[in-house]
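Asks: Residue strings, one per chain:
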Amino acid sequence: MTRCDGCGECVDICPSDIMHIDKTYRRAYNIEPNFCWECYSCVKACPQHAIDVRGYAEFAPMGHSVRVLREEEKHTISWKIKFRNGQEKNFVSPIRTTEWGSIKSPSDYEAPSPDALKAQELAHEPESLHIDALPTLPVQKN
Amino acid sequence: MGLFSGRKTVHVDSDILVIGGGMAGCGATYESRYWGRDLKIVCVEKANIERSGAVAQGLYAINCYMGMQWDENQPEDHVRYARNDLMGLVREDLGYDIARHVDSTVHKFEEWGLPIMKDPETGQYLREGKWQIMIHGESYKPIVAEAARKAATKVYNRIMVTHLLMDKTKPNRVAGAVGFNVRTGDFYVFRAKAVIVGAGGASHIFKPRSAGEGMGRTWYAPWSSASAYALPIQVGAKMMQMENRIVLTRFKDGYGPVGAYFLHLKTYTENAYGDEYESKWYENTKELVGDYIDRHPVPTCLRNHAILEEIKAGRGPIRMVTKEAFKDPHLETVGWENFLGMTIGQAVVWASQNIDPKHTNPELTTSEPYVMGSHATCSGAWASGPEDCAPADYQWGYNRMMTVDGLFGAGDTIGGTAHKFSSGSFAEGRIAAKAAVNYVNDLGSDQPRVSEQEYQDLEKVVFQPMENYRVGRNEIVAGTVSPSYLLPIQGLQRLEKIMDEYVGGISSHYTTNEPLLTRGLELLGMLKEDMAHIGAEDLHQLQRTWELQHRVLASESVAHHTMFRKETRWPGYYYRGDHMKLDDDDWHCFTLSQYDQESGKWELEKAPVHHIID
Amino acid sequence: MQTYIVVMILMVVGGTLFETLHKGSAKYFFDNWRKSKSKGSQQVGAGKLVSLAIQTGLADVLTSAEFCTARRRIAHLMTMYGFVVYVATTAIMVFGYPTPDSPTPAFLPQLWWLGGLLVCIGGYWFWFFIRVDVSAEGNSPFRIVRADLFILSLLASVTAGLIWAYLQARGSSMTDVFLGLYLIATTVLFGSVPWSKFSHMFFKPAAAFEKRVSDANGSRSNLPEPADKPKLYGSTRELPRHY
Numbered sequence: 001m002t003r004c005d006g007c008g009e010c011v012d013i014c015p016s017d018i019m020h021i022d023k024t025y026r027r028a029y030n031i032e033p034n035f036c037w038e039c040y041s042c043v044k045a046c047p048q049h050a051i052d053v054r055g056y057a058e059f060a061p062m063g064h065s066v067r068v069l070r071e072e073e074k075h076t077i078s079w080k081i082k083f084r085n086g087q088e089k090n091f092v093s094p095i096r097t098t099e100w101g102s103i104k105s106p107s108d109y110e111a112p113s114p115d116a117l118k119a120q121e122l123a124h125e126p127e128s129l130h131i132d133a134l135p136t137l138p139v140q141k142n
Numbered sequence: 001m002g003l004f005s006g007r008k009t010v011h012v013d014s015d016i017l018v019i020g021g022g023m024a025g026c027g028a029t030y031e032s033r034y035w036g037r038d039l040k041i042v043c044v045e046k047a048n049i050e051r052s053g054a055v056a057q058g059l060y061a062i063n064c065y066m067g068m069q070w071d072e073n074q075p076e077d078h079v080r081y082a083r084n085d086l087m088g089l090v091r092e093d094l095g096y097d098i099a100r101h102v103d104s105t106v107h108k109f110e111e112w113g114l115p116i117m118k119d120p121e122t123g124q125y126l127r128e129g130k131w132q133i134m135i136h137g138e139s140y141k142p143i144v145a146e147a148a149r150k151a152a153t154k155v156y157n158r159i160m161v162t163h164l165l166m167d168k169t170k171p172n173r174v175a176g177a178v179g180f181n182v183r184t185g186d187f188y189v190f191r192a193k194a195v196i197v198g199a200g201g202a203s204h205i206f207k208p209r210s211a212g213e214g215m216g217r218t219w220y221a222p223w224s225s226a227s228a229y230a231l232p233i234q235v236g237a238k239m240m241q242m243e244n245r246i247v248l249t250r251f252k253d254g255y256g257p258v259g260a261y262f263l264h265l266k267t268y269t270e271n272a273y274g275d276e277y278e279s280k281w282y283e284n285t286k287e288l289v290g291d292y293i294d295r296h297p298v299p300t301c302l303r304n305h306a307i308l309e310e311i312k313a314g315r316g317p318i319r320m321v322t323k324e325a326f327k328d329p330h331l332e333t334v335g336w337e338n339f340l341g342m343t344i345g346q347a348v349v350w351a352s353q354n355i356d357p358k359h360t361n362p363e364l365t366t367s368e369p370y371v372m373g374s375h376a377t378c379s380g381a382w383a384s385g386p387e388d389c390a391p392a393d394y395q396w397g398y399n400r401m402m403t404v405d406g407l408f409g410a411g412d413t414i415g416g417t418a419h420k421f422s423s424g425s426f427a428e429g430r431i432a433a434k435a436a437v438n439y440v441n442d443l444g445s446d447q448p449r450v451s452e453q454e455y456q457d458l459e460k461v462v463f464q465p466m467e468n469y470r471v472g473r474n475e476i477v478a479g480t481v482s483p484s485y486l487l488p489i490q491g492l493q494r495l496e497k498i499m500d501e502y503v504g505g506i507s508s509h510y511t512t513n514e515p516l517l518t519r520g521l522e523l524l525g526m527l528k529e530d531m532a533h534i535g536a537e538d539l540h541q542l543q544r545t546w547e548l549q550h551r552v553l554a555s556e557s558v559a560h561h562t563m564f565r566k567e568t569r570w571p572g573y574y575y576r577g578d579h580m581k582l583d584d585d586d587w588h589c590f591t592l593s594q595y596d597q598e599s600g601k602w603e604l605e606k607a608p609v610h611h612i613i614d
Numbered sequence: 001m002q003t004y005i006v007v008m009i010l011m012v013v014g015g016t017l018f019e020t021l022h023k024g025s026a027k028y029f030f031d032n033w034r035k036s037k038s039k040g041s042q043q044v045g046a047g048k049l050v051s052l053a054i055q056t057g058l059a060d061v062l063t064s065a066e067f068c069t070a071r072r073r074i075a076h077l078m079t080m081y082g083f084v085v086y087v088a089t090t091a092i093m094v095f096g097y098p099t100p101d102s103p104t105p106a107f108l109p110q111l112w113w114l115g116g117l118l119v120c121i122g123g124y125w126f127w128f129f130i131r132v133d134v135s136a137e138g139n140s141p142f143r144i145v146r147a148d149l150f151i152l153s154l155l156a157s158v159t160a161g162l163i164w165a166y167l168q169a170r171g172s173s174m175t176d177v178f179l180g181l182y183l184i185a186t187t188v189l190f191g192s193v194p195w196s197k198f199s200h201m202f203f204k205p206a207a208a209f210e211k212r213v214s215d216a217n218g219s220r221s222n223l224p225e226p227a228d229k230p231k232l233y234g235s236t237r238e239l240p241r242h243y
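Sequence order for the protein chains is R, U and F. Start counting the first sequence at 1; every next residue gets the next number (my numbering). Start counting the second sequence at 1; every next residue gets the next number (my numbering). Start counting the third sequence at 1; every next residue gets the next number (my numbering).
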């Protein structure tokens, strides 16, 4: 509880709108665990690592731990799983291969011609298909 | 909220309004900008686009990739696959259209920074299965959201769209939408020339297996509140195949994914006694569906059917045999990371119950039903197809435009397009966007206009639940029991019970019939009337209220469609107890429905299934 | 005046002790400490403990390092140091120069004013703009809940005190009114310790220290180790206010 310093990252990120601020401590908590998907968005977003997940009480016995360290600057995500019986598993994976913020805006590409607008090809096609042309079917006679 | 203000009305004008910032919505936003350099592109999202939608926790595989560059598959092959899996009933033109574009979408994802696993020998994407490739997708959504943010004029987060607005100058044409800001409580009026709906499908319309705290662990995201359906249904767009709900066989309680297990780890299932069981039910299944059981691969619903029969015969639970596969450390890593990158809750369940697949074969279960359009199922709006290959009666306007002018859809919203998954939904968003840009350009001076009266009336409707609570609260001392209002959770639980008991949920072994459906519709009717009396304590509860409203409308549609199709087309998804067999003579067709908001009436009809691919 | 200050100090001490004993927060802290020690993969020697304590003091306490955004950190530093200077100069003036016979050196009231103003700038900035329930959750800044007891009584006390000092210097007839308000607000501030967030200013350094120790002993609160990869890519963290 004391690790939370009320920064609001979890409130801002939660896809379910269930991370909210407690009225006594001005810190974050899960107001509706029965609408929590255990997506860990809040856990990953918390700069203090103050959030941990306890599996749904309805079917998850106590004493387990699944904790995560998402390191944006290293492009990695690390997991530590601890079983109720103490067994431990660790995993590390990459999360991205390019710099954050590096995606080229569609406006930065050369503007398409009016003909292209009427054709079936989407943006960057056919080049980004890595084949010569967009496939099509002969028109059916119904 | 401002320093001194009460609720404001905020007007947002755009050329293209994208409702929903998930995979489909992000695809639509990106592509709209490419073709509409000077257009105002607005994306509005109920949560935060960075992690919203079904891909919030990430994905470990992209399940729709042809691999045309390596001659792995052609789009026609995918159509055959989806058609086969859905027992013959898919929109082949729409499916072909997605399949031919999806590769370029996946290549852009890689370019943007999504780590795609490669085969160390060939350098090609590492295949999980014929259609699936493996990714390290924990940040799949943030990457895709970045692309959308770069493209949009503005992204509005934390605004729930509750209703579409119609053009007051021309009938049957969309003109925008209304919604409210979940943080500030401001009312938003969106005026747009074209609207692309990329909202979520329906979780939580049938009672889930875990109904307490575990209610949150649905297979599909709990925030998929059927807005993809309710928004178009309300304004009279035709819907298709809403009866085609999906039931998933997944790991027990956590609903963790089994795809990588079957395809990459090559695990298989057995009953409680360690025996193979699927072949035992071959004859039984053949009696129900005829030759469909002989197709390869066996359709998803039929595999479910075998499991359900085996369990009913008393030989459950069904387990996934993992002990062999998990001896290989690489496969063990894949088995766990499969969850961590996609359904962390399953790792939590196994850690909590000391389940190590090296030593235990974990339990599987069949889920409660879901209604959505991007997986092994295809409920959704009836949409116009691609100009170059759609049959004439599947084409009445722009690609992915529904039967309401200017109203486009992508992802879960669009029906008939099974097996598109995340990449296909993004691709479909792109398809819809290009069409929407053309539509907007073609409008010229004939622009839709919203009715001030309409949105002012809607403002009252949108916030009425808060007024219900505020006033009704005076009647009781405290607590959750009020004679004059229902809390959103109470309404949701009532809906889920009705659907479960009458429309083929888990408690009835997914079986329903006409008497049950009739009674179910009566009860849904009363629930719908009670929806005027939902009491929302705060803005969060108001969001829950409108999620419930959308779910109720979608559920009504599901019930009507289920009643209309007098056959059991997808045993394993659901059964019509009064029409247990598949009936290709009468029912090799789509079911279409149209709702009239004024009269509250539903019209259902059949539409032919055109097979444009052999 | 001197008695009053002693009573205030006793209320803070008493309130904090009550908080830790009655609510069990001390027991929780020490249980947690023991658990972390037993789960740790390595021992942390006495010398290392001292060094970690010093690091906690320097970084977390003196520079409010835990705050992850610049504006939160700056506002907290202003409020914290402002309060320390303000309280210290109050005590020095009341105990060191209590009567007109021992005139106060000019720099002390100046520091007192500086401290008070820092509290007000940092505090009001926090109250109207930075508070998470206002900035991230969208509540009105005029919505008051129990968590606001500390900051509001602090701001009321310092504001009333500054106004009182200003009016007293000008010989205004309203001086006593504001002295009264000042005393009420100050009593509330120090007397409400068992019910407000006041005692958390002592818990925070303890938790920060405990965190450093658990990182050092390998238990890390069950968190994974940082990945063995270079920090090549920036982060795109923005203010958590996307609505």
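Among these hints, one or two may not hold up.
Computed cross-link-like contacts, DMTMM-like style, restricted to lysine to aspartate or glutamate with a CA-CA straight-line distance of at most 25 Å [claimed, not checked]:
{"id": "1", "chain 1": "R", "residue 1": "K23", "chain 2": "U", "residue 2": "E537"}
{"id": "2", "chain 1": "U", "residue 1": "K118", "chain 2": "R", "residue 2": "D132"}
{"id": "3", "chain 1": "F", "residue 1": "K229", "chain 2": "U", "residue 2": "E324"}
{"id": "4", "chain 1": "U", "residue 1": "K118", "chain 2": "R", "residue 2": "E110"}
{"id": "5", "chain 1": "R", "residue 1": "K80", "chain 2": "U", "residue 2": "E537"}
{"id": "6", "chain 1": "F", "residue 1": "K229", "chain 2": "U", "residue 2": "D119"}
{"id": "7", "chain 1": "U", "residue 1": "K358", "chain 2": "U", "residue 2": "E270"}
{"id": "8", "chain 1": "U", "residue 1": "K150", "chain 2": "R", "residue 2": "E73"}
{"id": "9", "chain 1": "F", "residue 1": "K35", "chain 2": "F", "residue 2": "D60"}
{"id": "10", "chain 1": "U", "residue 1": "K118", "chain 2": "R", "residue 2": "E99"}
Listing some non-contacts, in silico: residues in chain R with all C-beta distances to chain U over 10 Å [stated by the list, open to error]:
{"id": "11", "residue": "C4"}
{"id": "12", "residue": "Y25"}
{"id": "13", "residue": "P47"}
{"id": "14", "residue": "H49"}
{"id": "15", "residue": "R70"}
{"id": "16", "residue": "R84"}
{"id": "17", "residue": "E99"}
{"id": "18", "residue": "K118"}
Here are some chain F residues the structure puts well away from chain U; computed CB gaps all over 10 Å [stated by the list, open to error]:
{"id": "19", "residue": "T3"}
{"id": "20", "residue": "L21"}
{"id": "21", "residue": "V85"}
{"id": "22", "residue": "L152"}
{"id": "23", "residue": "S173"}
{"id": "24", "residue": "H242"}
These are calculated hints, taken from the structure and not from any lab test. Glycine included, C-beta positions come from ideal geometry on N, C-alpha and C.
Asks: Hints first: check each against the structure and report whether it holds.
Replies: Here is how each hint holds up against the structure:
1. About 16 Å separates the Cα atoms of K23 (chain R) and E537 (chain U), which keeps this hinted pair within 25 Å; it holds.
2. Restraint check: the Cα-Cα separation between K118 (chain U) and D132 (chain R) comes to about 23 Å, which is no more than 25 Å; the hinted pair holds.
3. Taking the CA atoms of K229 (chain F) and E324 (chain U), the gap is about 33 Å. The hint is violated against a cut of 25 Å.
4. With a CA separation close to 31 Å, the supplied pair K118 (chain U) and E110 (chain R) exceeds the 25 Å bound.
5. For the suggested pair K80 (chain R) and E537 (chain U), the alpha carbons sit about 39 Å apart, so the restraint of at most 25 Å is broken.
6. Taking the CA atoms of K229 (chain F) and D119 (chain U), the gap is about 23 Å. The hint holds against a cut of 25 Å.
7. For the suggested pair K358 (chain U) and E270 (chain U), the alpha carbons sit about 16 Å apart, so the restraint of at most 25 Å is met.
8. For a cut-off of 25 Å, the pair hint linking K150 (chain U) to E73 (chain R) stands: about 21 Å separates their Cα positions.
9. For a cut-off of 25 Å, the pair hint linking K35 (chain F) to D60 (chain F) stands: about 23 Å separates their Cα positions.
10. This hinted pair checks out: K118 (chain U) and E99 (chain R) have alpha carbons roughly 20 Å apart, not beyond 25 Å.
11. With a closest Cβ-Cβ approach of about 19 Å to chain U, C4 (chain R) is found to remain outside the 10 Å limit, as its non-interface label requires.
12. With a least beta-carbon separation of about 19 Å from chain U, Y25 (chain R) lies farther than 10 Å from that chain, consistent with its non-interface assignment.
13. At roughly 15 Å from the closest C-beta of chain U, the C-beta of P47 (chain R) stays outside 10 Å, upholding its exclusion from the interface.
14. With a least CB separation of 16 Å from chain U, H49 (chain R) remains clear of the 10 Å interface cut-off, as annotated.
15. In this structure R70 (chain R) is not separated from chain U by more than 10 Å, as the shortest Cβ-Cβ distance comes to only about 7 Å.
16. Its beta-carbon lying about 5 Å from the closest one in chain U, R84 (chain R) breaks the requirement of being farther than 10 Å from that chain.
17. Not every beta carbon of chain U lies more than 10 Å from that of E99 (chain R), the smallest distance being close to 8 Å; the non-interface claim is violated.
18. With a minimum CB-CB distance of about 7 Å to chain U, K118 (chain R) fails to clear the 10 Å threshold, and the non-interface call is violated.
19. For T3 (chain F), the shortest C-beta to C-beta distance to chain U comes to about 41 Å, beyond the 10 Å cut-off, and the non-interface label holds.
20. Every CB of chain U lies more than 10 Å from the CB of L21 (chain F), the least distance being 32 Å, so the non-interface label holds.
21. No Cβ of chain U approaches the Cβ of V85 (chain F) within 10 Å, the least distance being about 30 Å, so the stated non-interface status holds.
22. Chain U leaves L152 (chain F) outside its interface by the beta-carbon criterion, the shortest separation being 17 Å against a cut-off of 10 Å.
23. Here S173 (chain F) stays apart from chain U, with its beta-carbon at least about 32 Å from theirs, past the 10 Å limit.
24. A cut-off of 10 Å between C-beta atoms contradicts the statement that H242 (chain F) is not in contact with chain U; the least separation is 4 Å.
Consistency note: the structure conflicts with the earlier hints numbered 3, 4, 5, 15, 16, 17, 18 and 24.
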